[in-house]
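Please build the complex by placing chains B and C on the supplied structure of chain A, with the hints as guidance.
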Amino acid sequence: MEITQILFWFLSVLAVFGALMMVTSKNPVYSVLWLIVVFFAISGHYILLNAQFLAIVNIIVYAGAIMVLFLFVIMLMNLNAETEPQKNKWLKIAGVVAGCSLMLVFVAALRQSDELLKAPVSMGGETGLIKTLGKTLFTDYVLPFEISSVLFLSAMVGAVVIGKKGD
Amino acid sequence: MGAASLIVLILAAIAFSAGAILIAKVVTKATKNKQKAEPYESGIPTRGPSWVQFNVGYYLFALLFLIFDVELIFLYPWAVAAKKVGLLALVEIIIFFFILFMGFLYAHKKGALKWK
Amino acid sequence: MSIFFLLLQQELLLTAIIFVLLFVKLSTKQWNSQTVLSFVNILLVVNLAAGFFFKEKGTLFGDMFQTNDLLRFEKNILNLGTLLISLQAYNWLLKHKHAIEFYLLMLSTLLGMFFMLSSSNLLMFYVGLELASIPLAALANFDLDKKRSSEAAMKYIMSSAFASGLLLFGISLIYGMVGSVNFTDIAVAASENPLFLFGFILLIAGFGFKISAVPFHLWTADVYEGAPVAVTSYLSVISKGSMLFVMTSVLSTVFANLLFQWYNIVAVLAVLSMIVGNLFAIRQQNIKRFLAFSSISQVGFILIGMSGANIESHSSVVYFVLVYLFSNLAAFAVINVISEASGKENIDDYKGLYKTNPALTWVLAIALFSLAGIPPTAGFFGKFFLLLGGASKGNYLLIIVAALNMVISLYYYLRIIKAMFMDANETPVEKLAISWSPKISMAVCMAGIVVTGIISGAYEYIYSLLK
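Residue numbers (our numbering), protein chains in the order written: chain A, 1 to 167; chain B, 1 to 116; chain C, 1 to 467.
Just chain A, with the same shape it has in the complex (with noise of 0.2 Å):
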């Protein structure tokens, strides 16, 4: 097996051994940990991709600020381990076959497509560098990039007015 083989399903189990963590975790707080390794975890495929900008961003916006913000909803709930709510037995079993057959669904799906899977479309090696994305950003791509300016401020003007509600 090559280095890069190795390092892919290093990776991928370690993302999904993360994801199982984070998941079944009863105090929130370690499963925000978790979810950091999930995070970790993802942003070394991206590199094995040669996206490194990707994986940048991934660690510093996902791994860094988001992150932050989800242990901040913890604390402001007061969420912890002794909270968290007994679910119902029902919703548990209908929770366990809608993810199974979702399971069975996709791995259905894959196993069809497996000829269009063995044939990967390669778009050159340079798509994922920071030049590349920064010329297609400012010139194909500049119309989504305006508007997400405007939902940035539309996000800040209604976390302002739910959050300063006094005033």
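A few of these clues could be false.
Once the Cα atoms are required to be at most 30 Å apart in a straight line, the calculated DSS-like pairs of lysine-lysine come out as [said to hold, decoys possible]: (1) C:Lys-55 to A:Lys-164; (2) C:Lys-146 to A:Lys-87; (3) C:Lys-393 to A:Lys-164; (4) B:Lys-109 to C:Lys-146; (5) B:Lys-110 to C:Lys-439; (6) C:Lys-155 to A:Lys-87; (7) A:Lys-164 to C:Lys-155; (8) B:Lys-25 to A:Lys-26; (9) C:Lys-147 to A:Lys-26; (10) A:Lys-26 to B:Lys-36; (11) B:Lys-83 to A:Lys-135.
Just so you know, the hints here were simulated from the structure itself, not pulled from any lab data.
Showing chains B and C alone in chain A's frame:
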């Protein structure tokens, strides 16, 4: 291959630091006593649960930080591509920053950055 | 350069209004709220009127943005609806401390919807959708001191984020199969490959959430009940209408190759929406919850029209959304006035309304007649065209189910009309003085219900746009 070596480097760094801690754990003789488990040596013992409900203000700060964090991230590809794209890129980033700056002014005006 | 401004005219004007309002908010001068509201309403009228003056069509930024006559017309419909809601909300906003923010958020969502309508690839579509849904959660929280309102916002943002997640997963699968997010590329590459189909079904789930078709409708009633009336009407008419426009055109153009698959999905969604919406509407006590379920069943009818997949059915959907806008907003105008004055939102409170407020009663009655699809009103023609469009596929079972559901819906709409006109009530809503702005809004809605119904030009005009 370059990418793989980067990951190997990261993993090696983790393994190195983890190894140092582990060796220290194995080699030293561990002692256990009550004082060691306290948060601060010779400090005041904590009272009540350490998990308390936070003020909503923290969240507002964190959200504003996140938005400007994302804004900053867009600067990296811009800085690299600005020369190639030319004047257009400058105009685009100025519009982007102007819109976000308006949001900042709004938050400032509403006193979202004041701590009460 | 000038073509850039002409093509983006509706979006740029809306952005300009947003920034003017932001400047007003940021200025050191304290504005009188009455002046501000009149100013905003004038801007919205200008915005609506300007939409009719330009006819340019084309694409911009490669293929990021497109516009044509139909899209312009659809955006004008949404502009009109926003103006009507703004007029209805006048009294509520007069007392509200954050009136300008209300408009900032509402117009940002409208801008998002415009970009979503004009998108010609999945990326733009997604960005527009997010802009159209995130500020809406803040809007749902605009009764700032009511817990119900916060609960509604929480439920909306949670389920909306989940639906966005499904949609994004679908988009990434489609991108993985096609190698492009472009609508034209996807239309060529659309095949019955299982992974592609899986992505497509997730995409429909995302659509279904936004239009609250039945398996994805669970958020609707709670959010509608908790949110302020103006926001509820915005959610049920503008947000839903824009998504219906996008869904109709995307399904019939981009996924034309998969007609067989999506016809069946849409038909099942339609039948479920009609039946569940109707059965739950019968047993509601709160009038906003009632209208939530009634709107779910209306979506069922629209989906029948959508399933026709030809020009006639496409224009019937656009036409019905226009009719639905007038009818539903007329109903919400009355609810808004009564809720604002007395805080009463139960159907029982509407008993004996005719004795005290005959004008409001008539407006609500005509709106409900139109929603039920009773002949002289526009609702009848709307539903007629929808069923005609759906029948072009020759699936008469679907049409029979729809016809039966129309009868059921007649029962519960008439129940409210009976309560208003005939039932006695010891403590009816007192006589209300209606101010000018809701009056204008109601008058426009009533005129719309009558005119779009009797003058057949509206449908033919939409049909001519599509050709």
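So, going through the hints one by one against the coordinates:
1. Taken as a hint, the Lys-55 of chain C and Lys-164 of chain A pair is broken in the structure, with Cα atoms around 44 Å apart against an allowance of 30 Å.
2. Pair hint Lys-146 of chain C plus Lys-87 of chain A holds up; C-alpha atoms about 27 Å apart against a cutoff of 30 Å.
3. Distance check on the hinted pair: Lys-393 of chain C and Lys-164 of chain A sit about 54 Å apart at the alpha-carbon level, beyond 30 Å; violated.
4. With a CA separation close to 25 Å, the supplied pair Lys-109 of chain B and Lys-146 of chain C stays within the 30 Å bound.
5. For the proposed pair Lys-110 of chain B and Lys-439 of chain C, the alpha carbon gap of about 34 Å is over 30 Å, so the pair is violated.
6. A C-alpha spacing of about 18 Å is found between Lys-155 of chain C and Lys-87 of chain A, which places the hinted pair at or below 30 Å, so the restraint holds.
7. A threshold of 30 Å between alpha carbons decides the hint, and for Lys-164 of chain A with Lys-155 of chain C the separation of about 21 Å falls inside it, so the pair holds.
8. Taken as a hint, the Lys-25 of chain B and Lys-26 of chain A pair is honoured in the structure, with Cα atoms around 29 Å apart against an allowance of 30 Å.
9. The suggested pairing of Lys-147 of chain C with Lys-26 of chain A holds, with an alpha-carbon distance near 28 Å, which does not exceed 30 Å.
10. This hinted pair checks out: Lys-26 of chain A and Lys-36 of chain B have alpha carbons roughly 27 Å apart, not beyond 30 Å.
11. With a C-alpha separation of about 10 Å, the suggested pairing of Lys-83 of chain B with Lys-135 of chain A holds against the 30 Å cut-off.
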